[in-house]
Amino acid sequence: MKDIAGQSARKRPTRPLWAVYGEKVLEWIIRLSGISAVLFVMAIFFFVFREAVPVLFSPDFSLKEFLFSTEWYPTSASNVRYGTLALTAGTFSVTALAMVIAVPFGLGAAIFVSEFCGPKMRETLKIVIELLAAIPSVVWGFIGLTIMSKIISQTTGAPVGVNVLNGAIILALMSVPIIVSIGEDALKAVPDGFREAALALGATPWQLVYRVLLPAAKNGLLAAVLLGVGRAVGETMAVLMATGHAVHIPSGILDSVRTLTANIAAELGEAPAGSPHYRVLFLTGVLLFSITFVINLSADLVIRGIRRKGRGA
Amino acid sequence: MSSMETQNAAQTPENQEALSQVTPRFAETPAVRKKLLYQKIAKIIFGLMAAAMIVPLLLILSYLVAKAWPTLSWEFLVDVPKRGMTEGGIWPALIGTVYLVFISLAVSAPIGILAAVYLNEYAKDNWLNRIINLAVINLAGVPSIVHALFGLGAFVYAAKMGYSIISASLTLAIMTLPVIIASTREALASVPIAFREACWNMGATRWQTIKAIVLPNSISGILTGVILQVSRAAGETAPIMFTGVVFYKAVERGTLFPYYLNEQCMALSMHLYTLSTQVPNVQESLPYATAVVLLGAVLLVNATSIALRVYMRSRKKW
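Chains as they are written, first to last, in our numbering: chain A, 1 to 313; chain B, 1001 to 1318.
Simulated from the structure, these hints should not be mistaken for laboratory data.
Please note: incorrect hints may appear among the correct ones.
What follows is a list of derived Cβ distance ranges for each label pair [said to hold, decoys possible]:
#1 B/Asn1262 with A/Ala96: 31 to 37 angstroms
#2 B/Ser1220 with A/Gly269: 50 to 56 angstroms
#3 B/Gly1162 with A/Leu26: 32 to 38 angstroms
#4 A/Pro159 with B/Asn1262: 44 to 50 angstroms
#5 A/Glu65 with B/Lys1124: 47 to 53 angstroms
#6 B/Leu1058 with A/Asp192: 55 to 61 angstroms
#7 B/Pro1192 with A/Ser69: 55 to 61 angstroms
When the alpha-carbon atoms are kept at most 25 angstroms apart in a straight line, the in silico SDA-like pairs for lysine to any residue are as follows [what the hints assert, rightly or not]:
#8 A/Lys126 with B/Ala1052
#9 B/Lys1040 with A/Ala266
#10 B/Lys1043 with A/Phe105
#11 A/Lys188 with A/Val160
#12 B/Lys1035 with A/Glu115
#13 A/Lys188 with B/Trp1200
#14 A/Lys126 with A/Ala189
#15 A/Lys218 with A/Glu123
#16 B/Lys1249 with B/Lys1034
#17 A/Lys150 with A/Ala266
#18 B/Lys1040 with A/Pro16
#19 A/Lys126 with B/Val1226
#20 B/Lys1043 with A/Val103
#21 A/Lys218 with A/Leu297
#22 A/Lys188 with A/Ser251
#23 A/Lys218 with A/Gln207
#24 B/Lys1034 with A/Pro16
#25 A/Lys24 with B/Ala1123
#26 A/Lys150 with A/Ser251
#27 B/Lys1211 with A/Ala266
#28 B/Lys1249 with B/Arg1083
#29 A/Lys188 with B/Gly1047
For each residue, glycine too, the CB sits at the ideal point set by N, CA and C.
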């Protein structure tokens, strides 16, 4: 074979066969790892649901009672009742109060970090926030159980220091780092042109924040709050140790409650494998999984909404 | 910045004249004064909000350390719990945590890194990619206790691994997978696309490019993620509680390999929970010291990761 220049074409270098096929195999392994996250999420749902399913068909169990009754007597000898409404109320009361504390502080800190402080201070604060996020939940629980409960019972005169308020403060401290870091990202995502336009009109940073940035970044901030809620709903060890163990609908913030997560952690060890009690606890897990799934999904949709709008602009 | 611009505008001759006739230069009108006052107030309030989450925490942490001080010693680390766990050290828990962390790391690091490679290098922007992203986000959001239920149902019972270190580590591995995926992805994405294009133009295949260009240039970022995974895994309690960690297990003082993989073990986080809620009459500083050791280890690991990232950023050539 001759090409145009008249030189004999050299043989095209080829790679050994094993390298070609080895690479193919490797790429399939990479693809498989890629979808592993999907497989794991489905596996989690499958295995938790699988353990829960038999109880759905047992005669003593009614789904209506499970969702809407406040009577949780899983080990009663005469009349076993599995109503999780009180536990759900516990979860939501603690989470709601935690968010009342965490959202203003979290968003305030996010605004401060992103708009009001110099670059050096910003770096330091971000590192501190990252370290805050790293504190293990059992240590938070321990802080709630020992230090916070003492402070609460001394300042409010509550008979027990482990209650809704305690759990909420601990959860607030735990979810603030998430709210700050995602909120800061949302503020940073507002195009610089917006900032420059406002500053050119003579706006102070504060006017810039509440007239321009907050409206422009409101979806991102909403997503930050939602992810904070997700973390608070799913938190286990901290609320297990800090909220007390009373299964009832709380009548005030100084009442002890038990949350869905804490209930599983507290009772799974005592429930014999395969018993209805054990299966109901797994069903509670399915309920929790669904709640957090919905929260995360909506946070994702909110964030995706912003991205799409950003691309269009 | 805004004041600089007014200054510039005022300095052109005709403006200057006009302005100086109306008001003295740079005099603040009431509206401006109000605006600046609000600005000051807002800055102080937001600053206090930022401080409000950091200062109490520092106080709490120093209180923990102060309470733990009498017990903290080398002896405390290498000794075993004594007298029904009311005295002694934390060696079995410490070494158990090391076991769990490293086995879970060995499982989740390869899968997580490869998954990130797929998402960043191979995946096209289509429905599959979107579903994977959603799955990663959800995996990160699944409550830890649900991971525990999953570990119990899947590894302990369905896979018949029983209550063992291996079940607990696998549960931890799945739980911490999103941490590695997210940070590895960030590291890979920070390698400029031009690097890849240059390599492709030389005729390299996708995998050759990844191996020769993308991974070497992002290795420190990937390492940061792996280190973060370590700190996350070390601190978790709920997922290991029902899959392979026990309140107490007799272990010889200071032995490095006290456990078999199919046995149960103790773990630091669980030990803290046990000491503070399950054991009566514990020597008072003991749970505090355990908390400080756990917290110290986790924060140290995190600080390493942050330091590595800062160092890496300072050396970045592009």
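Verification of the supplied hints:
1. B/Asn1262 with A/Ala96: 31 to 37 angstroms: violated (44 angstroms)
2. B/Ser1220 with A/Gly269: 50 to 56 angstroms: violated (42 angstroms)
3. B/Gly1162 with A/Leu26: 32 to 38 angstroms: Roughly 34 angstroms apart at Cβ, these two residues keep to the hinted range, so it holds.
4. A/Pro159 with B/Asn1262: 44 to 50 angstroms: holds (46 angstroms)
5. A/Glu65 with B/Lys1124: 47 to 53 angstroms: holds (48 angstroms)
6. B/Leu1058 with A/Asp192: 55 to 61 angstroms: With Cβ atoms ~34 angstroms apart, the hint is violated.
7. B/Pro1192 with A/Ser69: 55 to 61 angstroms: holds (59 angstroms)
8. A/Lys126 with B/Ala1052: Holds, at about 15 angstroms.
9. B/Lys1040 with A/Ala266: violated (49 angstroms)
10. B/Lys1043 with A/Phe105: holds (14 angstroms)
11. A/Lys188 with A/Val160: violated (43 angstroms)
12. B/Lys1035 with A/Glu115: holds (17 angstroms)
13. A/Lys188 with B/Trp1200: Violated. A/Lys188 to B/Trp1200 sits at ~34 angstroms, over the 25 angstroms cutoff.
14. A/Lys126 with A/Ala189: holds (17 angstroms)
15. A/Lys218 with A/Glu123: holds (24 angstroms)
16. B/Lys1249 with B/Lys1034: violated (67 angstroms)
17. A/Lys150 with A/Ala266: Holds, at roughly 23 angstroms.
18. B/Lys1040 with A/Pro16: violated (70 angstroms)
19. A/Lys126 with B/Val1226: holds (20 angstroms)
20. B/Lys1043 with A/Val103: Satisfied, since the Cα-Cα distance of roughly 18 angstroms is no more than 25 angstroms.
21. A/Lys218 with A/Leu297: Holds, because 17 angstroms separates the two Cα atoms, which is no more than 25 angstroms.
22. A/Lys188 with A/Ser251: violated (41 angstroms)
23. A/Lys218 with A/Gln207: At roughly 16 angstroms apart (the allowed maximum being 25 angstroms), A/Gln207 and A/Lys218 satisfy the hint.
24. B/Lys1034 with A/Pro16: violated (76 angstroms)
25. A/Lys24 with B/Ala1123: holds (16 angstroms)
26. A/Lys150 with A/Ser251: holds (21 angstroms)
27. B/Lys1211 with A/Ala266: Between B/Lys1211 and A/Ala266 the Cα gap is close to 48 angstroms, so the pair fails against 25 angstroms, i.e. violated.
28. B/Lys1249 with B/Arg1083: holds (13 angstroms)
29. A/Lys188 with B/Gly1047: This hinted pair holds, its Cα atoms lying about 18 angstroms apart.
Going through the hint list in order, the structure does not satisfy hints 1, 2, 6, 9, 11, 13, 16, 18, 22, 24, 27.
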